[in-house]
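Peer 1: Since the structure of chain A is already known, use the hints to place chain B on it.
Heads up: the protein sequence lines correspond to chains A and B, in order.
The opening residue of the first sequence carries number 1 in my numbering; numbering runs sequentially from there.
The opening residue of the second sequence carries number 1 in my numbering; numbering runs sequentially from there.
There's no promise every hint is true.
[Said to hold, decoys possible] If we take Cβ atoms under 8 Å as the criterion, some of the chain B residues that face chain A in the derived model are: (1) P38; (2) N40; (3) Q42; (4) A44; (5) K45; (6) Y49; (7) V53.
Honestly, the hints are just simulated from the structure, not real lab data.
All of these numbers come straight from a predicted model, not from anything done at the bench.
Every residue, glycine too, gets a C-beta built ideally from N, C-alpha and C.
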Amino acid sequence: MAELNINDAVMTTRLDAVVNWGRKNSLWPMPFGVACCAIEFMSMMSSKYDLARFGAEAMRFSPRQSDMMLILGTITNKMAPVLRTIYAQMAEPKWVISVGVCASSGGMYRTYATLQGVDRVIPVDVYVPGCPPRPESIIYGVMKLQEKIEKESLSMRKDHIARFYDSLARQESIQAEKGLTSQQTIREMLMDAGERGVGTIF
Amino acid sequence: MAHPASPFLSVLILMLVAAVTAAAILVLSGWVLPMLKPNNPQEAKLRVYECGVPPVQTGARHKYSVKFYLTAMLFILFDVEAAFLLPWAVNFKHALWTFGAMLSFMATLLVGFIYAWGKGAFEWER
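So that you can see chain B by itself, here it is in the shape it has in the complex:
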């Protein structure tokens, strides 16, 4: 009687072949082939590529102001507000009670607007 797992022998072989192939590719590309390539690190060669001229600004990985994101986020906020106002205005004469609700919504956003203004979020560079 055959072993109950015997139909899966081919799967095992496939897994082994896949593992060996992956390992061989890793070893070849990471260890064997780099030994064959010419290796001549030079200061001029490793320098930043700026079309052949000395780099104007070194260290592009510095911190920069996120003001742009703040402005964009505020824009989206007030854009949504405007988009919300439009359907409300269309239905206004059928539902007069929404006036107070919308007024309170606007007042809430106004507080946020004044806060953002006071924080200087609308200044590009501070």
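If we strip away everything but chain A, and leave its shape as in the complex, we get:
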């Protein structure tokens, strides 16, 4: 009788790998469409480019039901707290794709009114360049995010999101303490982070 080798009979894998495989193939995108990149996003979701091929067809316009936020356009300083709140209200685990130069770095809007990159206020996973990027570029961004999800560990993602919630709690305490608006609070936190040479507030 042949001896049963456990390695031949049983396939082992890490929990992270299994869960991440599920996560990367069932992304629920939420468009944070504030400018022309949103038009490219519409094209990407519809029949010609069809993001459904990558398992992300269930687009939702509510943060409650989505876990991949696509920031499609210029985020002004006025909009920054809104972006943070929406990100906070998304279902976990969550990922962010910054689409286009405006979202990624402020782009051509090098003004006092525009947030110079959304990664200053919320954690961004993938940046898609272009002004606006073609639907293929955004799809490539989603594919890059899938690669990233495949490699990440579950606890890392959890800590990553927990750090954001810490910063949100800090924002709210500063806001209540100094009696500022949420915009002023984020500006204050950004200035403070800049002095420390960090560049992000989470």
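Peer 2: Chain B only, in chain A's frame:
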């Protein structure tokens, strides 16, 4: 000799399978799967969703005036009255005796109208 209930054995099996499936779905979706999902309740996350801005009015579940329903009900009442008047008017010259009947019907509704008026049912907000 087979038991008289034996043709119904398959029905019994079907019922058991249905019960087990229903119970399994309940247990899985209500108890097992929620243990697997990430659970991180946060104050900001559970807050009312108002497109990212702080909610203007908290507590939408307050009581509100039912005046609208009252107005709509009164409208239907007098609408039916008008609809009733039309066929009566068409047949009027053939049945003159209905004049008194219609007059009393109108008078009854008029009393109701005056009562509703006096109660302030036609005021939108009081």
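Peer 1: Now tell me if each hint is right for this structure.
Peer 2: Now for the hints, and whether the structure bears them out:
Checking P38/B against chain A by beta carbon gives a least distance of about 4 Å; that is within 8 Å, so the hint holds. Contact between N40/B and chain A, as hinted, is supported at the beta carbon level, the nearest pair being about 5 Å apart and thus within 8 Å. The beta carbon of Q42/B comes within 5 Å of a beta carbon in chain A, closer than 8 Å, and the hint placing it at the interface holds. Taking 8 Å as the C-beta cut-off, the interface hint given for A44/B holds, the closest approach to chain A being about 4 Å.
A hinted interface residue such as K45/B counts as satisfied when its beta carbon comes closer than 8 Å to some beta carbon of chain A; here the least separation is about 5 Å, so the hint holds. Below 8 Å, beta-carbon pairs count as interface contacts, and Y49/B has one with chain A at about 6 Å; its hint therefore holds. Hint status for V53/B: holds, given a least beta-carbon distance of 6 Å to chain A, under 8 Å.
Of the numbered hints stated above, none is contradicted by the structure.
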